[in-house]
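Enquirer: Heads up: the protein sequence lines correspond to chains B and X, in order.
Under my numbering, read the first sequence as residues 170 to 430, first letter to last.
Under my numbering, read the second sequence as residues 7 to 310, first letter to last.
Please keep in mind that the hints were generated in silico from the structure rather than gathered at the bench.
Check before you lean on any hint, since a few could be wrong.
Stated by the list, open to error - To be clear about the criterion: a stretch of chain X counts as covered by chain B if any three or more of its residues have a C-beta under 8 angstroms from a C-beta of chain B, and this derived list gives those stretches: (1) 32-45; (2) 53-61; (3) 65-77.
Even glycine gets a Cβ: it sits at the ideal position worked out from N, Cα and C.
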Amino acid sequence: MVEQTVQIVSNERDTDLYFRLIARAPQIAPLVQPGQFAHVRILPLREALLRRPFSIFQVSGDTLSILYKTIGKGTEVLSRMRPGEELSMIGPLGHGFTVPQPKGETPLLVAGGYGMAALYLLAQRSPQKGIVFVGGRRRVDILCEEEFRALGWEVRVTTEDGSHGERGLVTQALLTELKRPMPGRKLFACGPTPMLKAVGRLAAEFGLPAELSLDEHMGCGIGVCLTCVVPIKAGDSWEYQRTCTDGPVFDSREVAWEAAE
Amino acid sequence: MNLSVKIGTLSMQNPVTVASGTFGYGVEYAQLIDLNQLGAVVVKGIRLESVRGNPTPRTVEVTSGLINAIGLQGPGVDGFIRKYWPFLKELKVPTFINIWGTTVEEYAEVARRFDALGGVGALELNVSCPNIKAGGAQFGTDLKLLSQVVGACRKATKLPLITKMSPNVVNIAPYAKAAEAAGSDALSIMNSFPAMAIDIETRRPSLANVTGGLTGPCIKPIAIKLVWEAAKAVRIPVIGMGGIQTADDAIEFLMAGATAVAVGTANFYEPQTALQVIAGLRQFIQQKGIGDVRELIGSVQTGK
């Protein structure tokens, strides 16, 4: 974990409300593990105080990139920042995905929307290529499909309106695949909470291990403010653990979704 | 040039510490800043038992501030001693342990446990958390209960006692005096303000707890006034806090009457803040030709 001032190299619209930002972060980029995030202070925000967390998408030499959607004032302001401008970044943060061992399990990745970004480094660093299932509402919500194909992965796309790939939910496409008997599979997922819950249920139903990257509102990003807590099984009860430091990646069997409802 | 100040019998190498609940147990920040540069480390509130805390959402960002309703999630005395004390006791700077309970007896018992531990710098009594059903602000906004809690802890320990005050009173002076009379060695002013925010799309409160406590730069002027009023009312030192982001903010608190200051919410977004405040404070007194930071304390000129 390092805090440094990073310079924006590029910040371009990807599709619709999605942007890709590349930053020169020489102290952070080489340390990044799949599934980790960067906590970014957007200095022009001023009266909006908190940092914003972003999954680290790609790493190359001393640069790293993030893929984000403009969903509020933080990301709106970020999307207007230009190359050469600076951000304060703390990273890499969080407990990421377990990269499969050589000749180990075959990874099946499941992404919803910008959840794809959190899975790219895992796909790149996994010794086995697998299948990535990506879903979104419309065609514009399907991101970085080509980057995954370029890694030699099979990509199965679903959209809710049928404008790209198969019509339906990403978990329907996953279910179809899981029904084909094949040994040694493991699920890795990042996306909206309802999707993660569905992936967790499918993993349980088919007896497969699954790692889920949770997306919670975050404050400090380093484990002190206790904003981003999620219910995690502990003995025969449960406790709140921090998405920022105990996660964001959790074993799906440990998450006690029902406890907090 | 002197930056050191005293809180009761305890010396701090400089007057800048951190606010309980914004700094975890210190160890979380150890990779980002040199903790030994601080005046003291202050840990999140601890009661006898472990505490699960409130449901989520627990915080919401508002203009120049943050509303939180964490509910004092924590490991309890035993969990704290096992998980965090081995790290904290090796620090060169004192650790202040923020304690609370749901009864006067529990406060005193927690104070006894930390007194027996040895090596603790001071105890800060949290009688002012707005986000828990029993304990917290119920003690800090009732003069009789406040005296009882401080008095019971005074009997339980010889450690310096700092009472963390609630801002949610009509006049803070009698509360400050009550804590002093019951044996408090210092006052922390202040805890968060009761506050609320609403999501207008869903018509739901932004926090699961409905209400929470407001902190951050937006509360600083209110905190300055409370520090000024309390410092005039008592002879014991005041630790001022509320929205400090810069050395200038800290100097304002000192001039209002604070002997020391604590950086709070800013730790969440800029972990270097406390160290920047120390550096800026040093620079200020150098530039003004002031030999001793204590010359700033209460130096505001309110006369004509």
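Enquirer: Against each hint, give a clear statement of whether it holds in the structure.
Expert: Results for each hint:
{"no.": "1", "hint": "32-45", "result": "holds (count 4)"}
{"no.": "2", "hint": "53-61", "result": "holds (count 3)"}
{"no.": "3", "hint": "65-77", "result": "holds (count 8)"}
In terms of the numbered hints stated before, the structure departs from none.
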